[in-house]
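Colleague: Residue strings, one per chain:
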Amino acid sequence: MSTVAETSITLTPEHDARPGASVRSRLQDALPKLVLAPSFAASVVFVYGFILWTIYLSFTNSKTFPSYAITGPRAYQRLWRWTFESDPPSSWYTSITNMGIFGFLYISICLALGLFLAILLDQKIRGEGMLRPIYLYPMALSFIVTGVAWKWFLDPGLGLEQTLHQWGWTSFHFDWIKNKDFVIYTVVIAGVWQASGFIMAMFLAGLRGIDGEIMKAAQIDGATTFQLYRRIVIPLLRPIFLSALIVLAHLAIKSYDLVVALTSGGPGGSAWLPSNFMYEYTFKRNEMAVGSASAVIMLMTITAIIVPYLYSELREKPR
Amino acid sequence: MAFLEIDGLKKRFGAVEILKGIDLDLEKGGFLVLVGPSGCGKSTLLNTIAGLETITEGEIRVDGRTINDLHPSKRDIAMVFQSYALYPNMTVAGNIAFGMEMRGVPADERQKAIDKVAKVLQIGHLLKRKPSQLSGGQRQRVAMGRALVRDPKLFLFDEPLSNLDAKLRVDMRIEIKRLHATTGTTIVYVTHDQIEAMTLATKIAVMRDGEVQQFGTPAEIYNNPVNLFVADFMGSPAMNLIPATIGSNGSGFSVVMEREARQPISLPLANAPAGLSAFQGKPIIFGVRPEALTDPEGAERNASNIARADCHIEVIEPAGSDTFAVTNLGGKAVVARLRADANIQPGTVTPLAFNLTKAVFFDPATERRIV
Amino acid sequence: MLRKLLIGTALASGVAFAAHAEDVKEVQMLHWWTSGGEAAALNVLKQDLAKEGFAWKDVPVAGGGGDAAMTALKAMVAAGNYPTASQMLGYTVLDYAAAGVMGDLTETAIKEGWDKSVPAALQKFSVYDGKWVAAPVNVHSVNWLWINKAVMDKIGGTEPKTFDDFIALLDKAKAAGVIPLALGGQNWQEATMFDSVVLSTGGPEFYKKAFNDLDEESLKSDTMKKSFDNLAKLVTYVDPNFSGRDWNLATAMVIKGDALVQVMGDWAKGEFNAAKKVPGTDFLCYRFPGTDGSVVYNSDMFGMFNVPEDRKAAQIALATATLSKSFQSAFNVVKGSVPARTDVPDTDFDACGKKGMADLKAANEGGTLFGSLAQGYGAPPAVANAYKDVVSKFVHGQIKTSDEAVTQLVSAIEDAK
Amino acid sequence: MSAVATPARQNTGGIRARTVNRIVIYGLLALFALFYLMPLFVMLVTSFKTMDEIQNGNMLALPQAPTFAPWIRAWSEVCSGLTCVGMKGYFWNSIKMVVPAVVISTLLGALNGYVLTKWRFRGATLVFGLMLFACFIPFQSVLLPMATILGSFGRFGVKLQNATGLTFGFGNPTVNLVFVHVVYGIGFTTLFFRNYYEAFPNELVKAAQIDGASFFQIFRRIMLPNSLPIIVVTVIYQFTNIWNDFLFASAYAGSGDVMPMTVALNNVVNTSTGVVEYNVNMAAAMIAALPTLLVYVLAGRYFVRGLMAGAVKG
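One line per chain: the protein sequences are A, B, C and D, in this order.
The numbering used here numbers the first residue of the first sequence as 1 and each following residue consecutively.
The numbering used here numbers the first residue of the second sequence as 320 and each following residue consecutively.
The numbering used here numbers the first residue of the third sequence as 691 and each following residue consecutively.
The numbering used here numbers the first residue of the fourth sequence as 1108 and each following residue consecutively.
Derived from the structure by calculation, the hints contain no laboratory data.
Not one of these hints is a red herring.
Derived PhoX-like pairs: lysine-lysine, alpha-carbon spacing no greater than 25 angstroms straight-line: (1) 851/C with 1044/C; (2) 1266/D with 1002/C; (3) 715/C with 1266/D; (4) 736/C with 1195/D; (5) 821/C with 63/A; (6) 1015/C with 821/C; (7) 864/C with 839/C; (8) 821/C with 801/C; (9) 284/A with 1107/C; (10) 393/B with 431/B; (11) 1107/C with 63/A; (12) 1203/D with 747/C; (13) 814/C with 1002/C; (14) 63/A with 254/A; (15) 1266/D with 747/C; (16) 33/A with 393/B; (17) 814/C with 63/A; (18) 966/C with 1044/C; (19) 946/C with 151/A; (20) 284/A with 814/C; (21) 839/C with 1044/C; (22) 946/C with 966/C; (23) 747/C with 1195/D.
Since the model is a prediction, treat every value here as computed from it, not as a measurement.
Work out the full structure: start from the sequences and follow the hints.
Modeller: Spelled out as C-alpha cells, the structure:
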C-alpha cells in the first residue's frame, strides 16, 4: 500500500483541462473547492485583509479616526522606547511583563490543574456525572456575569479576608487585588477558574482514549501509580497538551474582559495586558496608530508561537 | 481481447512515482490477485481501477471501453473494502440498498434485490441491524452483499479477509471462491497473503515498488519464479534460498554448498539450465522448496533427478500433517518437509533427498533466475 | 482599494440618500446613563419629546464611564450609521466635528439664544468652526468637598479654608477613628481630586497654564511638585482598601458616616439626594479648600450628528428640548449638576445647587472657569489619559517621588501631544 | 472503558490503604468543586437576599429571609437604559442571533472539514493553516474595519430595498451579528470538524462514491449522520462564545430593540451611580447565563465524549 496515496482520495484531478470532460463533470470536480471558497475568502478578507489594514495604520499618524497618510514608524519607536521604561513602569512595559507572568502561570496552572483533576476524575469516581459539569461550567459564563462575584470574593473588605476575620482568623491577610504588585495574580486565579475545567475535559477525553492494555502491561511491569502516569500516561497525552496549549494561548491573548471586569485595570494600571493596552490606545486615548502598532506586535508574537506549532502539526506526515 | 486491460499505467504523486508502468490483462470471468508487500502499490492500482484515484499516464479498459475518466459510480464496478466500509448510520438493508437508492431504483425493486442477496449470503435475519451490532464475519458478508447487489461487470476486493480471524478467513475464502464459480463474475483482488493468492486466483500479479514482478497463473508463479523476490514471497514455508557455488563434476555441473564444521556438500545436476554454464566456479543462489527436500523414503518416486546428502538436523517441527526439519546449509537455516511419521531426531545426521528437477537458480547480482 | 473603501464609508456618511419623502419622527440616542437617577433624568427628555410626537430609540451602552459607548459610537460612525445624537465629552466632540460627521445646529442656536446663555468655556466644545455641533446638557464642577455633617459635628470640625486647614480637619477625623478621606482608587477619581489639589496649590492662573494650555514650564515647576506632595499627603488619609473602588461606593462611605469627606464632582450630590439626605442638615458641600471663586468643570454634551435630511427635524427638536430652561432645571436638579445655560432660575435647586449656579456664573464672568483635565475638558484624550496614568501611578506607588512624578508628567504629556 | 482501571493498589496495600486513598481522592475532588462553585454560590445566595442583608451580612452566608423579588425584578422590571422591561425582553434578541450563527458556522465548519480531509487538493493544508490562524486575531482590532464593511452592507440593503422593496437582511443588526460570528467562528468549527474527519475512515467515502453518491449526498447521508459527537462539541463551544459576546454586540447592535442579552446585562450591572442593587444584578446575571449553563450541564457528558472523538487531537 502506498503511504502517501492513503492520506487522500483524489477524485479532484490536478490537471484541470481534461480532454473530453464535460462542463458538468468539471464543475463536479471543482465542487469541493467551491464549497471551501467562501470560508476561505472570508478569512482572507476579514482576517488577513484587516491585519494588513492594521499594519498600514500603524505606520500612519491615525488618532481618533484612521488617517491614510504614511508618516513612518513613530508608533513603533514609542513602543520600543516604552519597552525599556521599567522604573516607573510604562503602561506598555507593564502590559508585556504582565503578559509574560499571566501567560506562563495561566497556561501552566491550567494544564497542571486540568490534568490533575482529570486523573482524579478518571479513578472510577461515583458522581463523576455531577462533578464534571461543576468543573466545566465556568467556561460557559462570561466575565460580565461572574466579574462582580470575583471582585467581591477577592476584595479584602467584603470577601475571603472579611469572611475569615468574621470566623475568627483575624490575622489572615489577602489583599492582592488592591496591590499593584500582586493584582495580576488575581487575574490568574480567576482565569484559571474559568478555563481549567475545560482543559480538564480535554485531558479526561484523552485519558479515556488510552488503550487499557498499555496500562495493564505497565502494571504488570510493576509500575506504581505515580510511575504509571509519569512514564506512560502523560507522554501518551502529548497531543492533548498541544491542543490545550493552543486553546489556552488563544484565551490568554484575548483575556481583555477578565482584567476589566475584575480589576478595571488594577491600581495605577498595574493589571493591564497587551489587549487592554491596545483597546485603551485605540478607543480611549484616540491614538489609533499606537493601538495598531501594539496589535501588530501582539500578532507577531502569536505568529512566532503558533506558526511553528501549526507547521509541525500540519505538514504531511507519513503514517 | 481481454475483459480488463491495463496499459502502461503510471501514477505519480508529486515527484514520487507510485505506479511505474503497469501492464495487465484479465479474461472475462477471471480472478486476478494483486499480491505484494505493504507499499508495493497494489491498493493504489486497485483504486485507480475503481476510479478512486486518478492516473497520470496509461489506460484502463473494461470490456473494450476506456474508463480512465469515468466517475467510480459509472464504471459498473463494486468494491469490498478491508474495513468493510459499512455506513454506521444505516441498517444492513440500508447499506445494501444505498447504491440503488443513489441511482434512483424504486423502493420495491430495491427490496427485491436486497432479499435476493440476503438469501444468497444468508444474512436475512440481519437486515434490520446496524453494522455495530454485527460480528466481523457478518460484516464481511454484508459488505459482499452490498457489492453483489449491484451485479457489476467487475468486482474489486481490497484485502477483504485481513480483519478476520484465521478460521473465519479460511471459511470466507472458500465462500468467495464458490461465489466466483457460481456467478462467473470477473474479480480483481488485492491481498498480501500469498495463500489467498494461490488458492483464489486464476492469474496472479506479484508486485513490488510499483512494478509487476511477475504475472501469470498460480502454478507459473509458484514453480517458475522469475526472480528472487517472487521466489521468496510466494509459498509457505518460503523457498529455501541457499548461497552456493557451481562446480563441475566431469560430465556436468554440481551445486556446492558450504556447511559449518563439515565438508561442503556437492549435488550433481543432471539437467541444469543452460545459463548455468556461465556461472561455473561462481556463487549463485540455489532455490529449493521445502517439499522438494525430504527424507529419502518420502521423496517423489518418479522424479528424474534426486540427490541425497547427509545433513545435520538442528530442529524438528512436527506440524501434524507434516514434519519440518531444519538444517544449516550455506550459512542459512534450510527447511525440509518430511512425512508426518518420519523418524528423525534433532542433533542427528540424516540423509535428505533433494529433488533437483524442482530446483531453481538465481544470479545473486541481478537476483534474476538463471535459465 | 481597501483604503478607498474605508474612507468612503467612514467619512462620506449616510447623507447620500437625501431623497426624503417624509420626516422620520424618531431620535436615536447613544448614551451611557443607564443607572437609576441618570436614566430617570434622561427619561424627562424622552417624555418631553414624546409630547411633541417624537419616538425615542434608545442605544444605551454602559461601562467604563462612557468608554464602551464611545467604542460603539466609533463603530457606528465607521459604518456610516450615525445616531441622531450621542452623549459625548469635551474634546471628543471636536474630534468628530473635525472628521466632518457632525451636523449644524447654528440656526436653532441663534433662534434659541444659546450663544448668549451658554458659558463661553462650554461653547469652545459645542461650537466647531463657527457651527453649533453639540447641545450641552449640564455643567459639572469638580472642585467640591462632600462632608458628612454628623461626623463633622462629632469631631468638631469647621469648613477648611486652606489646604492646611483641610489636613488639620483630616487629622481630627483620624484621631476620632473615622476614615478621614473616602477615595476610589481608579485613575480618573485620583486625577479628578488632583485637579482640585493643583488649583488649590497653584491658584487659577497656574491651573490654566498647566492643565489647559499644557505649558511645559508650569508642568515642571516647583508648584506642580508641591501639588504632588500635597496629593501624597491626602492619600495618607485614605483607607487601605481604596484601590479599584467605584466612586459611588466611596460616596456611600460618606453618606453612611464611615468616612468624613470625599473630594468629588457634584454628581456625588445625586447619591446624597437618592439617599434622601438634605444639604446643610445631613451633609455639607464646600469648595475644595483654596479654590473658592474658581470652577473646574466638565459638561455632558449631546453631540449632534450629520443625519439625513428626513431626520433633521427630530434632531432639532431634541436639541431644543435639551437646552430648554424647563428641562435644564428638571434634569440638573436630579443629576446634581447645574444648568448649561446661565439664565435658568435656581428656584428648584437645593442649597448646594444654588451655590453651584452662582459660582458658575461668577467664574464665567470672572474668567475662572476652567476645564477639568481629568474629565477630558483640559486637553485631548491622549493627554488626559497620560495625565491620569501619571497621577494614578504616583498614588499607587509605581512613581515614588514628586520629582519623578513631575518628570513623568512632562514627558507623558509631551509624548501624547 | 476507563483507561486507568483502579491502579496497582491491590498488591501494595490492604483494604485500609485503599480506603484512605479513596478518601483523599474524594476529598480533593470535593475541595476543587467548592472552588469552582464559589462564585456561582455567591451569586445565587446574593440574588435571594434583601439589600439590607447584602450590605450588613457576610457574602457567603445563606439568605436569612429568602426573597424572590430580585428575580422577579430582574426578569420583568429591570432597566437597560431608559427601557424597563426586564431581562426577558432581550432573551429573544439573543436567541434570534445565536441560533442562526451557531447553525451556520457549524454547518460551514463541517463542510470545510469534509473538504479538507476527504477531498484534499494541493495546498489544502495551507488553506487550513491560514483559516486556523484566524482564530487568534484579537477582536478589538477588527472592530472598526468590520464596522465599515457592515456599513456598506447596510447601504447595499437600502439600494436593494429601493429596487425590490426588500433588504434581504442587509443592514439588519441581527443579521450583521450573525455574519460577524460566522466569519470569526469558522476557524474553530473547521478545526473541530477537520480533526474529527481526519480519523473518519476514508473507505466509507470511497464506498459511497462507488455507490454513486454525489459530493453533497456523501456529506448529508454519510458524514453528517456520523458526526454527532463533534457536532455537540462545536455547538456547545459556539453557543457559549456567541451568547457571551459583548464587544461585537455592543458595537453593532447596541440599540434597545435589537440588543442581545449581554449588552442589556452590562447596562444593568454597570451602573455608576446610586445604590447598586446587587441582588437584582446577580439575578439578572444568572438569567443571562441560564441558557449557557443549561447547555453545559445537560450536554456535559456528550461534551467529553465529543472531545474524545476527535476535537482534542492535534
